[in-house]
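The listed protein sequences derive, respectively, from chains A and B.
The first sequence begins at 1 in the numbering used here and counts up one residue at a time.
The second sequence begins at 695 in the numbering used here and counts up one residue at a time.
In case anyone wonders, no lab produced these hints; they're calculated from the structure.
For glycine and all other residues, C-beta sits at the position ideal for the given N, C-alpha and C.
Covered stretches of chain A (chain B as the covering partner; in silico rule of three or more C-beta atoms under 8 Å from a C-beta of chain B):
#1 145-158
#2 306-313
#3 330-339
The residues making up each chain are set out below.
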Amino acid sequence: MSEALGQVTILDGNTFVVSDAVGDIEASPTDPTGLFIYDTRFLSHWVLTINDERLHALSVDDVQYFEARYFIVPGEATVYTDATLSVVRQRTMRNGFDEELTILNHGEEPVDLVVRVDAGSDFADLFEVKDALGKKGKRYARVEDDRLILGYQRQTFHRTTTVTVGGPARFDDHGLTLTAHLEPRGRWTATIQVEAQILLPTGENALPRWRQGHELLERDLNALLRSTPKLECDWQPLKDTYRRSLVDLAALRFSPQIAGGQSLPAAGLPWFMSVFGRDSILTSLQALPFVPKLAATTLRVLADFQGTRRNDHRDEDPGRILHELRFGESMAFEERPHAPYYGTADATPLFLVLLDEYERWSGDADLVRAVEYEARAALNWIDEYADLTGMGYVAYQRRNLETGLENQCWKDSWDSISFRDGRLPGFPRATCECQGYAYDAKMRAARMARQFWRDPGYADRLEQEAAELKARFNRDFWIADRGYYALALDGEGNQVDALSSNIGHLLWSGIVEEGEKADAVVGHLMGAKMFSGWGVRTLGEDEGRYNPIGYHVGTVWPFDNSFIAWGLRRYGYKEEAARIAAGILDSAQFFNGRLPEAFGGYERALTRYPVRYPTACSPQAWSAGAPLLLLRTVLGLEPSGDNLVVNPALPGGISHIELLDIPGRWGLADAFARERGEMDPQHVLHPQLASGPG
Amino acid sequence: MADSDSVERFFDELGRRGHEPLLDRLNSTGRFELVDGGQVEEWLVAVRGGYITVTRGGGDADYVLRGERHAFDRIIHGDAGSVAALIRGTMAMYRKDPDVMFGLVTRLFAGPPESRREWVDDPRLVAEGQRDRADGTHG
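Next up, chain A with everything else stripped away, as it sits in the complex (with noise of 0.2 Å):
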């Protein structure tokens, strides 16, 4: 549902629509608003009128989120008391979009009107939006006998959108105008067909017709939802939740033609509806025990554009998976080295563990088997090309100087690694979560090279380099004195000291030794400088940069988040496991059970509700599976051979868990949660889990 009137979004995939609250569109050049396929704006300009007067909205119902219903009204917002007309603009995701209009006349006199639809667009590439880029190329608008054909051409890059009428309509270059008749109490309607089309030199559509309409995307989030774990739970918010969270899921799934049918995660609205490498593993290993397809499809599409040679601007290495696809025309140009570009550091280990994971719940060995020179190539990557100070690190620093990123983890905006006293380290850089990476990657393909690729030899090597790193890491990234892991290592191997959520990640993926090493790290997460209640802010509140509202320095990510908590669970750490789950789970609340990217780190306390972060995009892949992961650490759900073992622990509040018809290779397990400690009644009906840190 959208929040106060404001924006109005609904997607399929990479095919999205973002209008006001009546429908209209009026996107100014740096304005994601629009329709956008394939991160190219296809439409920037659609305006209704009716008898020349603009319409204001009533309310809108985007409970679909493929579809949208607008109830709207002509006239300013005023005077909507006295309509006698009411209309029902209802939009729903096609080959671009259907819009069909349907005008009631409450009144007692005929009517005869003139329906209006300006349409234009700038053909924007989603990178000229984001960063007020001008075009090269020629727009043009063409009337045909019954369509308004809007195109734009630059050498053989062709793109048009053409809108059609299911009726009588006259066109202009600038839009459709139709007439309405109403008798009193009559109705009237129109559907309009805006379709995108990506042309070829030979004047083909290379976008295949690959939507039937809302009746197939009913069918297939119907189809979807029923194939996913039945939840039942005492606190209803749990519920809400969960199903919020599959239906994003749903919405952000994306089958490119590069995927062959299959979906993939894209990352998130608007900014990021593309495949990411670190965004689809992780996604997907969140999912991995409610939508297993997810991880299959990821794998394989990572697989197969795989780097496979040295090249700058695409900071491509042989055996290093991407970080970023995109299909705009600043990437058909090269203006840009988004197709696919692969500065990332972390994606190439994460391909490796999400291989494993997945197997481990799956038993599709066909798939690790099938995958296997891109899985030691992988490995290769970490080692021949990775370890750029010659350290034994996974460390970056871009070779495309003028578009590629600087930070290439997941904290990728330009301050998010920092000393303590808020000094920036010099490259390359060694971020201490890859290390982690690497080091769980090695362990699982050692498993994976054992049972599946016939090559103990090479299992045995891979676990003999696994433990070197781990002592290594223990040696050079522990910060004695403070009593954690520095967040990176820079190029001289000085350590960078700042308190981070990256120690978490490293829980995760076991390269932090036990005993007093672990406690310490879990002392410091749940901390009142990291912990605010919430969850774990992404820096320490007395770090040089903290900013309780800064990207990278001081928000909460629930994503970051929901890894911490399964790292606390793989360390016994049950009950601060539960205690992070209840934060963010709480959080989740205020959203509508739709967790954003980020949220402010302000202290639980002080603000008693998670503070917005301005721009965060939503739906998100990786906010939308942390209620996910977070429900598995609880329930501590976990393979073991064959079997699903299951490991309760709840956090408070919650008296039982059920999740029903669990998919994996034991075919459907169901696992049972019951808190058996005392209740306190209170806490069951207080609203939220966990009132403050404690």
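Given the structure of chain A, go ahead and fit chain B onto it with the hints provided.
Using the frame of chain A, we list chain B on its own:
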């Protein structure tokens, strides 16, 4: 700009590479249609179990890659990206077999192993690839 020999050299090298583990999963035949003015030059590239056979001329294929010869020349030299060429419209791919993945097809343009720069050729990789073939791999 297009050096007519460099395209021939590309296909010639591809055909003589023998086993190419990068292509183990491609298992399909592609027809390359290179347009040069009014002329269309055709090449058939068949990959089975990572082994490549190149034939000059047309024939049945699972997919067709069609584009300007000079644009193709830029791709095989690594001056232009193949995904970018597809988005730009200088190259088009037609699939008869929907299971042919473009990502794998782009690997035909990786160049010979020695040209991938700093690639540490690991003999294990080749050996593994050959063993895979005996198992039959997924395409």
